[in-house]
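Enquirer: Construct the complete structure from the given sequences, taking the supplied hints into account.
Number of protein chains: 4
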Amino acid sequence: MEKLIITAAICGAEVTKEHNPNVPYTIEEIAREAYAAYNAGASIIHLHVRYDDGTPTQNKERFREAIEAIKTKCPDVIIQPSTGGAVGMTSGERLQPIYLNPEMASLDCGTLNFGGDEIFVNTENMIIEFALKMNEVGVKPELEVFDKGMIDTALRLHKKGYIKTPMHFNFVMGVTGGISGEIRDFLFLKESIPEDSTFTATGIGRYEFSVATMAILAGGHVRVGFEDNVYISKGVLARSNGELVEKVVRIARELGREVATPQEARKILGLEVKS
Amino acid sequence: MEKLIITAAICGAEVTKEHNPNVPYTIEEIAREAYAAYNAGASIIHLHVRYDDGTPTQNKERFREAIEAIKTKCPDVIIQPSTGGAVGMTSGERLQPIYLNPEMASLDCGTLNFGGDEIFVNTENMIIEFALKMNEVGVKPELEVFDKGMIDTALRLHKKGYIKTPMHFNFVMGVTGGISGEIRDFLFLKESIPEDSTFTATGIGRYEFSVATMAILAGGHVRVGFEDNVYISKGVLARSNGELVEKVVRIARELGREVATPQEARKILGLEVKS
Amino acid sequence: MEKLIITAAICGAEVTKEHNPNVPYTIEEIAREAYAAYNAGASIIHLHVRYDDGTPTQNKERFREAIEAIKTKCPDVIIQPSTGGAVGMTSGERLQPIYLNPEMASLDCGTLNFGGDEIFVNTENMIIEFALKMNEVGVKPELEVFDKGMIDTALRLHKKGYIKTPMHFNFVMGVTGGISGEIRDFLFLKESIPEDSTFTATGIGRYEFSVATMAILAGGHVRVGFEDNVYISKGVLARSNGELVEKVVRIARELGREVATPQEARKILGLEVKS
Amino acid sequence: MEKLIITAAICGAEVTKEHNPNVPYTIEEIAREAYAAYNAGASIIHLHVRYDDGTPTQNKERFREAIEAIKTKCPDVIIQPSTGGAVGMTSGERLQPIYLNPEMASLDCGTLNFGGDEIFVNTENMIIEFALKMNEVGVKPELEVFDKGMIDTALRLHKKGYIKTPMHFNFVMGVTGGISGEIRDFLFLKESIPEDSTFTATGIGRYEFSVATMAILAGGHVRVGFEDNVYISKGVLARSNGELVEKVVRIARELGREVATPQEARKILGLEVKS
Ligand SMILES: [Mg+2]
Ligand SMILES: [Mg+2]
Ligand SMILES: [Zn+2]
Ligand SMILES: [Zn+2]
Ligand SMILES: [Zn+2]
Ligand SMILES: [Zn+2]
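Protein chains in written order, with our numbering: chain V, 1 to 275; chain G, 1 to 275; chain Y, 1 to 275; chain D, 1 to 275.
Note that these hints are calculated values from the structure, not bench results. A hint or two may mislead.
A few chain Y residues that face chain G, going by a derived Cβ cut-off under 7 angstroms, partial list only [to be verified]:
| no. | residue |
| --- | --- |
| 1 | Arg-184 |
| 2 | Lys-234 |
| 3 | Glu-254 |
| 4 | Gly-256 |
Backbone N, C-alpha and C fix where the C-beta goes; we use that ideal spot for every residue, glycine too.
Expert: Take a look at the structure:
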């Protein structure tokens, strides 16, 4: 089995200090959390940025600052900016960080409810636009899928030439409006992607460690972090993203799965080393 | 195994006479197609209405006329108006036909892409509103799900008391943006609903008869019709909705599954006889 | 999708004229049934032989006579002798027909209960012996599996070099002691074999046509015949193996799957034309 | 989720001191290993016995001695004698330990290959005999299944009245000749048993901890021990059965699953307290 790539989704756009005071907003806090995750074993930082008051933004300069601060502390870590943005943003706003020459970026593969009146909008035309622009600037997309139909969409857009192989998926499981995070959901998604693909699995909330464990067992990769879950165990807030990563590392060790360094992760994902 | 309930989705909101000249627009055409389907073995007519030029509408009076015309020709058939409407309509517009005292109505359980720039919008709050209003007027919802996450949504809203049991689902498979229509997709959805539920399966386009056949084998029910597919076999346009239903009846007969009358369908679905 | 290969298992070793008077025992009856199946659309005859009183045998001369009689009536049909034999026979007895230069032969991939005190014995060493001898004489094995573990066995023996690729499986479903014949069983077996394999599915008793239909839908191939089931529909005895094959052909036609000729079947299975 | 019942299969009939010098043969060694497992968190001891030279036996007196020695050290542990015995033993020999008034005993639900020339024989009639005798003496059977078809057999025998509900299964996965121990195998078996059943999962060899982890995640129970696997991690021999149990406990703790005491296990399994 390949070594395990751990992605830390250290801040997200929706979780706040009210959920967990350790959620990072400032550049300094973001760098601190990235460093803790990296030290614990994360090789990828999935990155959103915020203004100091916690407001999410896709501002290119803010991303640049955050990336520089992270790179200063952990120069070899892979940084994967989000292109998800926040509700109401245009494609153009959302795409800004891909022009900072990152190695990867997330690419959401469909539209779904996010509870209440909220819709996370990613029309087919937007997906195509995002894919084409990432191809253009040489950024590998992490295909975020929240349900099975989004895998079908990705495969269709691959057939039309918009998305290149080998594809790398992220199964985001347990979001309100998306597929839940049970074993059978996980297995169904895993068996829906092409053999030459790689995948990361992300369990939201109480699904975080069960989904992570299934991914470890199945030869996939794992994402954890405050974006997805703020608890280290039932009712106990995590002290840092590092603590969440440490737990994944312990489970991986029990199950005989070694953890990948950033360089090993690059190799597994087919990323070129960027300067 | 229960007898097989066949639903005919005779017109839909998006398919046109350009796809198949037999697609009904006028009240007379709609009644003709309903009658053909009913004669062939359909016990439920899933109904959209249009103005004579083919423009889809959720207008209550137009629904009333269509229902009366159908009832004249096939008095005991179950009529299930759609509440899907067309892109851009408000909840209020979409809900109109439930106030005509139908026995059932469709209730879409999530938001998803419909290709290009189109989104079929059914936010969580809309789903709740639709469910509550159907409960109020005593209309049984057919829970339309286009992906697994929509089943999870329906189950969650059931737990919160918005959707009553026994639930009746419609797996709509093969829509752009939704789950595809392979055997494994079908089985996964089927195994995701509660034991005491019933379900109908709808395969879009080339999936129509394969999905129908799986539903026949699995003890589920079947929807076919011009809304979903206009071909009787590869490249051959169907002459009527009746011809599509006849094909389902032939397959059911080969597989030893008897076809339900409208009265038998009412019993299976737990519908009260309406006056 | 490939064309559909239909195998007719015309007599078997355990079914008798008491089950259905049309079960063939004599050479003449066997040729008659093979011909009826072939005319209806079968391209492979799965063959057991009996003495005129119905006693099953693996006697080489009896097989030779039966094969000649069949070939006289349908010269191009593929003949696949069974090596299953009857309870208590030695490997040597069971293997006799492979020395008649057939194109295929069945190879049972494990040991299981057959109800009561009966065990169908195929130890791992026997499986290896059968595989090696078939390789030696150039006979393609049809790997009969009665449960998932038998697929795992076949794959293990393939890795050790005993069984060649591309493998051709036969999922025999619904035997007492083996896996049942539900949709989920079928799908699980289908998803357990390598991508470059082919498979035939065989439903025993009441599973015959449901399993056949799933195989048609899934791109697999179908076996029917008196060995597996003697009814054309619930409680109605089939008049001939031909009638069973005709029913499969009708279902295939409804589902848009064309039926393979023997020459097309050879191509699909990678059989060389024998003289 | 229920608390986790851990069964320790401390010796088995086939593993020897050559595989791991800590495999127990003598009564004293057996009691030592049971005690270590119990201290680590096991609530059930799955028991085989041997003569001092390691020869397996189903001798009633030898079982009595072993049980007494274990009970002295851990009075409240549940003891589950095996009725599997060794190749060539009669039903009568194999059934001896059920007459010692244990709370449970294993009951193998089918016949399968054990590699080479070996067959593990449990004909349908033997399964019925074992079930009836266990019912008679009030011993709850743990239904050992090595493949899906054995679940189907157990369900059939339940319908005929031989096996009582709620049934408790043991999925033994990864035996040569049986189903392998992949995630999909596990999920398939789990989804094949009735809702009101309980199950334990046993992964053989390298599958031990991955199968255990899936069972922990899925709300099932776990068996580990020298009978199934002698390594604590790749290439490293376990020092005791206790060490294997400890590892399961650590994984369960990471995943938020509490470990059952013997009394809690009795309640979960519906065992009466025996005197
Ligand atoms: Mg969706
Ligand atoms: Mg078996
Ligand atoms: Zn994100
Ligand atoms: Zn509709
Ligand atoms: Zn045969
Ligand atoms: Zn044992």
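Enquirer: Does Glu-254 (chain Y) meet its interface restraint, that is, does its C-beta lie within less than 7 angstroms of any C-beta in chain G?
Expert: It holds, given that the least Cβ distance between Glu-254 (chain Y) and chain G is near 5 angstroms, below 7 angstroms.
Enquirer: Grab the minimum C-beta distance from Lys-234 (chain Y) to chain G and call the hint holds if it beats 7 angstroms, violated otherwise.
Expert: Status holds, d = 6 angstroms.
Enquirer: Does the nearest C-beta of chain G fall within a distance shorter than 7 angstroms of the C-beta of Gly-256 (chain Y)?
Expert: 6 angstroms, holds
Enquirer: Is the interface hint for Arg-184 (chain Y) satisfied, with its Cβ closer than 7 angstroms to some Cβ of chain G?
Expert: At about 6 angstroms, which falls below the 7 angstroms cut-off, the nearest Cβ of chain G leaves the hint on Arg-184 (chain Y) intact, so it holds.
In this structure, none of the earlier numbered hints is contradicted; all agree with it.
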